[in-house]
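Colleague: Here are the chains, one letter per residue:
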Amino acid sequence: MGMFESAEKFEEILAGFFRHMGATKSIADKLLASKLIIRFNYTDPDLVIVVDCSGDQIDVRPHDTETKAIVEMSMSAEVAHRFWFGKVNLTSALTRKEMVAKGPIPKVLKLLPAVQPAYAMYPQYLDANGYEKYNITRAYRPPTA
Amino acid sequence: MGGYAGQLLYIDLTSGLIEKKPLDMDFARKYIGGLGFGARIYLDLIKDNPDVDPLSPENPFVLMTGPLTGLKMDGVARWTVGTRSPQTGFWGDANVGGFFGTYLKFAGYDGLVITGQAAKPSYIFINDDIVEIRDAGVYWGLDTYDANDRMTEDLKGQSKRTGQVVCIGPAGENRLCFASIINNKRHAAGRTGMGAVWGAKNLKAIYAAGSGTVAAAYPEKLKELKNELKSVYEESIYIAALTASGTPAHIDVGAISGDVPIKNWQMTEWDGFNEIGPVNIEEKIFAGNKTCYGCSVACKKDAEVKDGPYKMAKGPSPEYETVVSFGSMCLNDSLESIARANEICNRYGMDTITCGATIAFAIECFENGLITETDTDGLQLTWGNSEAIVAMTEKIAKKEGFGAVLAEGSAKAAAKIGKNAADYLTTVKGLEAPMHDPRSAHGYALAYGVSPRGACHEASLNFNVEGGAMFVPEIETLSMVLEDHSSENRAELNVACQDYGMFFSSCAVYCNLGAVPLNATQAVDMVNFATGFDFTLEEVIDIGRRVWYLKRGLSNLFGARADDDRLPKRLMTRMEDGPTAGSLPDMDKMLAEFYALREFDDNGVPKKAILEKVGLADLAALLHDGKNG
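So the sequences go chain by chain: A and B. The first sequence runs 1 to 145 under this note's numbering. The second sequence runs 1 to 629 under this note's numbering.
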């Protein structure tokens with residue numbers, strides 16, 4: 001078992017965060033403009049979440065294995081968690097296949113600027129929703145004299 | 001044998017003597033090609049008089065292809081140039097894509113060694129066996145775009161196939177110390193002022209046309225490898241990103257990790273990335289895809305600015321380094337102005353990294369009152385003032401007014417400006433750092449420090465490996481897991497990245513972008529299938545190590561010492577927020593470990609024993625006994 005004690009807890013946290021992003025207009029507008037349907041396949045714990053940007057609003061559907069996704073992203077829960085803190089070297093993760101992406105990659109890469117504000121939102125979301133223990137941020141404090 | 005064209009051209013511009021020498025295959029086995037050939041030949045030519053003035057006729061210039069250049073494979077169209085740099089005073093070199101290297105091999109030559117100085121502006125005409133030094137009077141003064149077009153048109157019909165032009169612009173003619181050499185308007189030998197050396201030699205251009213081909217020793221095996229690599233390339237997201245957006249694809253990825261410098265390396269986050277990033281490039285200025293010979297990656301792009309103050313006809317689009325140098329480094333979010341600055345640099349023939357970084361440095365001097373409008377000829381050189389940034393780019397190109405001060409590069413400009421201007425420098429060995437922040441990946445700091453040519457992310461494969469684009473499972477050090485924001489294992493990593501990197505991108509002359517998906521087995525196989533040699537991985541690493549010591553030794557010969565391996569204060573200042581908050585490379589530790597691994601003395605010079613061990617006894621004698629061994 002990785003850093004999440006159960007698939008249920010991981011789902012609660014991550015699907016909740018995706019919904020939080022979907023409710024944030026500045027991010028949601030750009031995601032909706034992409035019209036992408038992305039299936040995230042997580043391991044350790046195993047979980048599938050579909051983020052559907054093809055409609056009028058972001059639809060987050062855990063356990064959806066039926067919908068035909070445009071993009072499939074596979075990674076461990078830990079890599080996913082660190083990604084949303086902005087702490088994953090994306091180039092390295094993709095090269096070393098810690099993240100595997102299938103589908104129209106240029107369209108996915110175009111979403112990076114759109115989701116960038118989410119890196120700051122994630123630790124705040126964790127703290128605000130009782131998930132403090134999952135917040136791996138260790139804020140730098142300048143040395144005092 | 002295959003891969004090689006089989007001849008080297010020696011051209012003395014003073015006497016007009018042109019010699020064709022067969023390529024010695026024992027030499028080829030020992031140095032492979034590219035800068036392996038170039039640096040070795042260069043040392044042989046200067047070892048009786050190592051203190052050669054970079055802009056004197058006595059400074060030789062080497063232009064070398066690799067054994068793969070000209071094959072129809074992805075990521076192998078590249079060629080190299082090298083000489084003593086007029087910008088840094090140390091060994092300088094550059095690695096270029098495009099078509100020229102291929103056409104030179106089609107003509108039957110693996111490279112050129114150019115010595116002397118022509119009495120008047122000249123160009124070298126090559127068409128198979130015909131090699132001539134010709135009058136370039138009509139082309140002198142033309143920018144690289146016009147010179148390229150006019151020479152191509154004028155020489156049409158003089159060869160079976162239309163040739164390729166590589167030339168300098170007015171910046172090189174005027175010996176601007178960071179002048180570049182440009183093939184086909186877009187493929188630049190950008191760094192360390194190679195174009196100024198041509199200018200000093202009165203050499204405007206080389207035109208190469210040939211009726212031959214580049215044949216592999218084992219074409220069937222090469223074809224099989226090409227088929228094997230097809231799926232590797234199809235699965236590579238790195239390649240997909242390059243194909244889609246070119247090198248600017250890195251802006252969005254690099255911004256996440258704090259790799260992209262902002263405001264002359266003083267900030268870690270900036271909203272302007274949305275304006276200058278790949279999404280906006282595609283929407284606002286993209287005008288088509290381009291590529292190098294035989295490469296399906298097509299990471300080069302065209303741009304066009306249809307109207308406004310920065311109107312620009314369809315032409316080469318700015319690469320990542322240029323977008324950042326003239327963009328976030330100057331807090332300039334006007335994409336159109338960046339495209340225009342890029343066009344000025346290309347046309348005049350100037351290195352965009354040094355030019356943009358020098359302007360960012362000057363803006364900081366202006367902000368802090370070290371220079372005023374009186375100095376800058378009335379320009380308000382302020383952060384984000386795109387109009388002033390473009391105007392200053394042109395002034396630098398023309399060495400006009402304050403542009404003449406900045407045309408010396410930021411290090412020499414800081415000495416002229418005085419006061420605390422040096423605090424704003426981002427140079428190592430006089431070369432401005434590229435647009436990758438060592439506070440995001442500590443190994444970059446060591447790579448910049450110990451690079452023979454000055455701060456450079458391409459002087460080894462460290463950027464590719466630590467940055468994550470390259471994974472070489474056959475070499476343990478190049479596949480280890482590295483702790484983020486740590487200086488642990490970086491000395492070991494740098495050594496491995498230099499040894500393998502010299503083989504990969506300096507000698508075989510693989511592209512550090514388009515050939516990134518290759519593992520070591522594939523990279524060595526391709527060289528063997530092309531040449532007919534039977535290199536092992538261990539052997540090419542040994543060759544790479546020899547070539548690295550050779551380049552390092554040349555810089556040592558030109559005076560580089562341990563102090564020159566240090567990073568400037570600006571790059572060694574801890575950031576207080578953002579993705580790199582608190583992260584600072586431990587240079588003392590990394591340098592101490594590196595010096596031990598490389599067997600350097602305290603002065604930063606490789607010890608005699610290690611130079612002899614890697615097959616450079618003559619360099620050892622020059623460095624340690626002060627004599628030609």
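Derived by calculation from the structure, the hints in this document are not laboratory data. Any given hint could be a false lead.
As the list claims (entries may be wrong) - Heads up, simulated DSBU-like pairs for lysine-lysine below, C-alpha to C-alpha not over 30 Å straight-line:
1. B:Lys284 x A:Lys30
2. B:Lys223 x A:Lys30
3. B:Lys613 x B:Lys627
4. B:Lys160 x B:Lys263
5. B:Lys589 x B:Lys263
6. B:Lys223 x A:Lys68
Colleague: Next, verify each hint and record whether it holds.
Modeller: Structure-based check of all given hints:
1. Simply put, Lys284 (chain B) and Lys30 (chain A) have alpha-carbon atoms about 17 Å apart, close enough for the 30 Å limit, and the pair holds.
2. Under the criterion of a C-alpha separation no larger than 30 Å, the hint pairing Lys223 (chain B) with Lys30 (chain A) is inconsistent with the structure, at around 44 Å.
3. A C-alpha spacing of about 18 Å is found between Lys613 (chain B) and Lys627 (chain B), which places the hinted pair at or below 30 Å, so the restraint holds.
4. Pair hint Lys160 (chain B) plus Lys263 (chain B) does not hold up; C-alpha atoms about 51 Å apart against a cutoff of 30 Å.
5. At roughly 28 Å between alpha-carbon atoms, Lys589 (chain B) and Lys263 (chain B) fall within 30 Å of each other, so this suggested pair holds.
6. Restraint check: the Cα-Cα separation between Lys223 (chain B) and Lys68 (chain A) comes to about 37 Å, which exceeds 30 Å; the hinted pair is violated.
In summary, the numbered hints that this structure violates are 2, 4 and 6.
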